[in-house]
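S.K.: This is what each chain is made of:
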Amino acid sequence: MKELLLIFVPLVAAGAAALWPDNRTRPWFLPAAGLAHALLAFGLMLRPPESPFHAWFGCDPLARAMLPAVSLLFLGCAAYGVPYLRLRAERPNRVFVAGFLAALGLMSAAHMARHLGLLWIATEAVTLSSVPLLHFNNTPRAFEATWKYLLVGGTGIALSLLGSFCLGYASLHGGGAGDLTFAALMAQGTALSRPWVLIAWVLLLVGYGTKMGLAPMHTWKPDAYGEAPGIVGAMLAGGVTTVAFTAVLRVRAVVDAAGAGEVASRTLLVIGLFSMLVAALFLLSARDFKRMLAYSSVEHMGILSLGAAVGGVGLWAAFFHVWNNSMTKGALFLSAGNLRRAAGGRTIDEVSGMSVITPRSAALFVAALFAVTACPPFGPFFSELLIVKSTFATGHGWAAAFFLGCLLLAFFGLTRVVFAIVYGRPRQAAREMDHRYRETLAVVLPPAALLLLALGLGLATPNALREAWTAAVRQLSPTP
Amino acid sequence: MSGLLNLLIGLAMGLNLVALGTGRLPSLIRIAALQGMVLGIMPLVIEAHDWRMMVLVIAAATVAMKGLVIPALLRRAMRTANIDRDLDPLIGFLPSLLLGAAGMIGAVVLARRLPLLPEHHESLLVAGALASVLTGLLLLIGRSKAISQVCGYLILENGIYLFGLLLIHSTPLLVEAGILLDLTVAVFVTGIIVDRIQRAFDSLDTRKLTVLRE
Amino acid sequence: MISILEFLVRFAVWLLLAPLLPGLINKVKAWVAGRRGPPVLQLYYDLTRLWRKGVVVSTLASPGFIAGPAVAWVAVLAAALLLPLGPLGTSLSFRGDVILLVYLLALARFCTAWAALETGSAFEGMGAAREVSYAVLAEAAVITAVLTLSLQSGSLSLAAMLVPSAGAGAVLLAVGLFTVLLAENCRVPFDDPNTHLELTMIHEVMVLDHSGPPLAAVLHGAAMKLLLFSVLLVQAVLPVGELPPAAAVGALVAGVLLVTVAVGLVESLLARAAFRRVPLLLTTAFLLCVFALLVAWKGGAA
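Residue numbers (the numbering used here), protein chains in the order written: chain A, 1 to 480; chain B, 1001 to 1214; chain C, 2001 to 2302.
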């Protein structure tokens, strides 16, 4: 029952928000639903149900290992959303709040989908519900970004539907019933027709990889993250990508069971490293600090896919990294949103000296930068260390070296931009903006809380989480 | 049964080529709608021996959505955005027609090489699906008007639907319904965005959407 | 004796019946438009009138100006004689005669274009350029159609090729060949046989400077070409050869009449296509023939 609540609480809240008449009080729906959702998600994680709710759908170990992270990130964004939307009182927020809440409900559904068709429907619905969020700013650039998001994302997601059908046909061809539940597909195992499984794997990886933002399917990402409000960027980078990663992992488990795990690992390894390389190279030339965050997200998706490729401990570390990624991305995007509003510009040519104008947000931004570039003692350091170790342990020494090289390049790229905007002398435009924008506690606390969580994850990973990740690894690879 | 089905699929494949060759937006929408309707009646042909409730519902819903609702939404978007109805191709009509035909032949050849169940050997379903997916991608890449790209997306989706017909016995109604619903909402949302793009850029030529680039 | 008689009949059919077709087309067009239209035999009157007139030759033109239409006319007639006429069969049949037929038609086109260039006028040159460039696509379609027929009959001679019906690809082939027929004979939507507006026309512009008997040869050759394509189309699609002689003649005549009426209807109901769309239409015809070829190939393999 709780599983259904995870979906329906946000959806009902979305409906209520859509009907709520008052623009000023409507944003309070966000933290309310976010809190309820987080309590439910953590409740499910700590006290897992005996068996999955339904064959098609249920809070299995994988969902339990992922969903609370998204829920936590949403709570942070929701808390930030209230003061943010108050600042943007000139814009009607009915569609925005409803879309944001609906996205949460649909993301929960996508995490818990145990049926390929259902997974597809939920993922597509997440895409559609986040469209009105992207063009909240209503600028031509925002519409352009939204169009790219719709078109690239829509095509990718369509290909993943084709891939889902191919997997169903693999089951039919192998003498099965064409049942699209993951459990049934995994039970059929090597009986699945191999050529169709491989075709399905490619299509599904391209499809859900587009949603994740793996290179070379990442082209929508910089635009969307650059033009969307920071709160939306955080949710896309930490939530929607997690949905897609969960989908990739579920499909990969089926491919593994079908005896094509080697191929799957190799493709994930290559595409992960390629994403990291592309991201690192673009980071070196980035000038816009919001687009920079998008490339950083591409890089982290590459890290996740590398962890999934290595499997075993690497997979466990990938779950760890999902949590770290969600928390640090939240802190980064929210503090970047503050900087963006205060500075009135987005590129290093327009913005500098933010440590003078908005000292607290700037400090948070720098701290989050260190977190995201995996400096100890933040969580990402430990998860990435674990991934490197397991990469070495499985004999992919060159991949680990490549990985570290990309991390170094990305570190250079990120620090170059961040220090350029944080230090130096404030520009005139920013000084004028300064009078209008006040850095209140309400917009600083949520990113600070998320950053503290990232720190906490690194210093003392809760045992409950460790167990949840172990259970998820066990679910994905039943015979280690 | 197989003959009639293949005839319908052949018709859908022919419509692919017409879609690639057409130069007017309203006719492109009409072709996408017609193809959707042709696809909609296919479940009835496949399941001709046993018209269960589910099959009838799927067929009716598909015809209604793909053939009527979605084209109506697109036409509305076209009217409100008040756009020029000539399609400005990025890939010329002739090259795209030739590419489409080559893709169609390639699809047929590829479909023969893929391992298929005995009952699907004589069927053009896989070939038709691949050809439509290719056509959709070609339209997505090769046309610059926003609505024509949506038509490309619809044809791509039609190809996937064709492939889904292979699984008609095992895919539950709920999934089909969800897919259709998502598709419709997608077009609806696109219609809104198209309208906004028109207002913001004073044009629906996606080539003008070039502010964001690296 | 019999063979001579048969040959004469064949000759008479091509020479005498051909000018009937444009008259029929015009009648259909007039009927659709609600006019009375010119008499069906109008082309016969025109031809006799032209035959009696003198020839005006530009001082620039070489003898090629006169020779062009003459050679073209002979080439078309020779091509027509290669084509089997239902129960009559062919007068001359050998392996690969279909290739000769295609080449004879190309020769006719070359001669018309050559004569057009002889005038030294820019208009004629433009028309010749257009004619030749469209012919590239139309000929590709014709050759593909021929390949289709030869593939499904396993023969390269017209007499054997045209006997069996084209089977499942018949519809594709029929539409493709009909489009080629329209293009090759300069009918709407490729060209408008009525227009004398230089900028839009293709074929008419090439023969603008001809007069007297050469013009008669051009007009008669065009009519024969129309009949040739109609007969080819009907025999490629209908199993004429398998019917008893009387029925075969009936089917052939009915088929040709049907094609003629169809041309008339197309001309009444369609507008001339924009110039840049013409290659697209011809490519469509080509693709239809290609798909017919594939169907024939697949059918043969299965």
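Be a bit skeptical, because a hint or two may be false.
Claimed, not checked - Simulated restraints on C-beta separations:
hint, chain 1, residue 1, chain 2, residue 2, range
1, A, 408, B, 1141, 28 to 38 Å
2, A, 54, B, 1044, 49 to 59 Å
3, C, 2100, A, 270, 50 to 60 Å
4, C, 2274, B, 1102, 23 to 33 Å
5, A, 262, C, 2095, 50 to 60 Å
6, A, 92, C, 2032, 51 to 61 Å
7, A, 463, B, 1064, 31 to 41 Å
8, A, 216, B, 1102, 19 to 29 Å
9, A, 175, C, 2102, 49 to 59 Å
10, C, 2078, B, 1064, 28 to 38 Å
11, C, 2132, B, 1011, 48 to 58 Å
Claimed, not checked - Now the stretches of chain B that chain C is said to cover, found in silico as 3 or more residues with beta-carbon under 8 Å:
hint, segment
12, 1070 to 1079
13, 1095 to 1103
Since the hints were derived computationally from the structure, they do not count as laboratory data.
Don't be surprised by glycine CBs; every beta carbon is placed ideally from N, CA and C.
S.K.: All the hints need checking, so say for each whether the structure fits it.
M.R.: Hints and how they fare:
1. A:408 / B:1141: 28 to 38 Å: 36 Å, holds
2. A:54 / B:1044: 49 to 59 Å: 31 Å, violated
3. C:2100 / A:270: 50 to 60 Å: Once the Cβ atoms are compared, 58 Å apart, the range 50 to 60 Å for residue 270 of chain A and residue 2100 of chain C holds.
4. C:2274 / B:1102: 23 to 33 Å: Since residue 2274 of chain C and residue 1102 of chain B have Cβ atoms about 25 Å apart, the given range 23 to 33 Å holds.
5. A:262 / C:2095: 50 to 60 Å: 57 Å, holds
6. A:92 / C:2032: 51 to 61 Å: 59 Å, holds
7. A:463 / B:1064: 31 to 41 Å: 54 Å, violated
8. A:216 / B:1102: 19 to 29 Å: 24 Å, holds
9. A:175 / C:2102: 49 to 59 Å: 53 Å, holds
10. C:2078 / B:1064: 28 to 38 Å: With Cβ atoms ~59 Å apart, the hint is violated.
11. C:2132 / B:1011: 48 to 58 Å: Distance hint for residue 2132 of chain C, residue 1011 of chain B is violated at roughly 35 Å.
12. 1070 to 1079: That given contact is violated, which follows from only 0 residues of the segment 1070 to 1079 of chain B lying within Cβ reach (below 8 Å) of chain C.
13. 1095 to 1103: holds (count 3)
Hints 2, 7, 10, 11, 12 from the earlier list are contradicted by this structure; the remaining hints agree with it.
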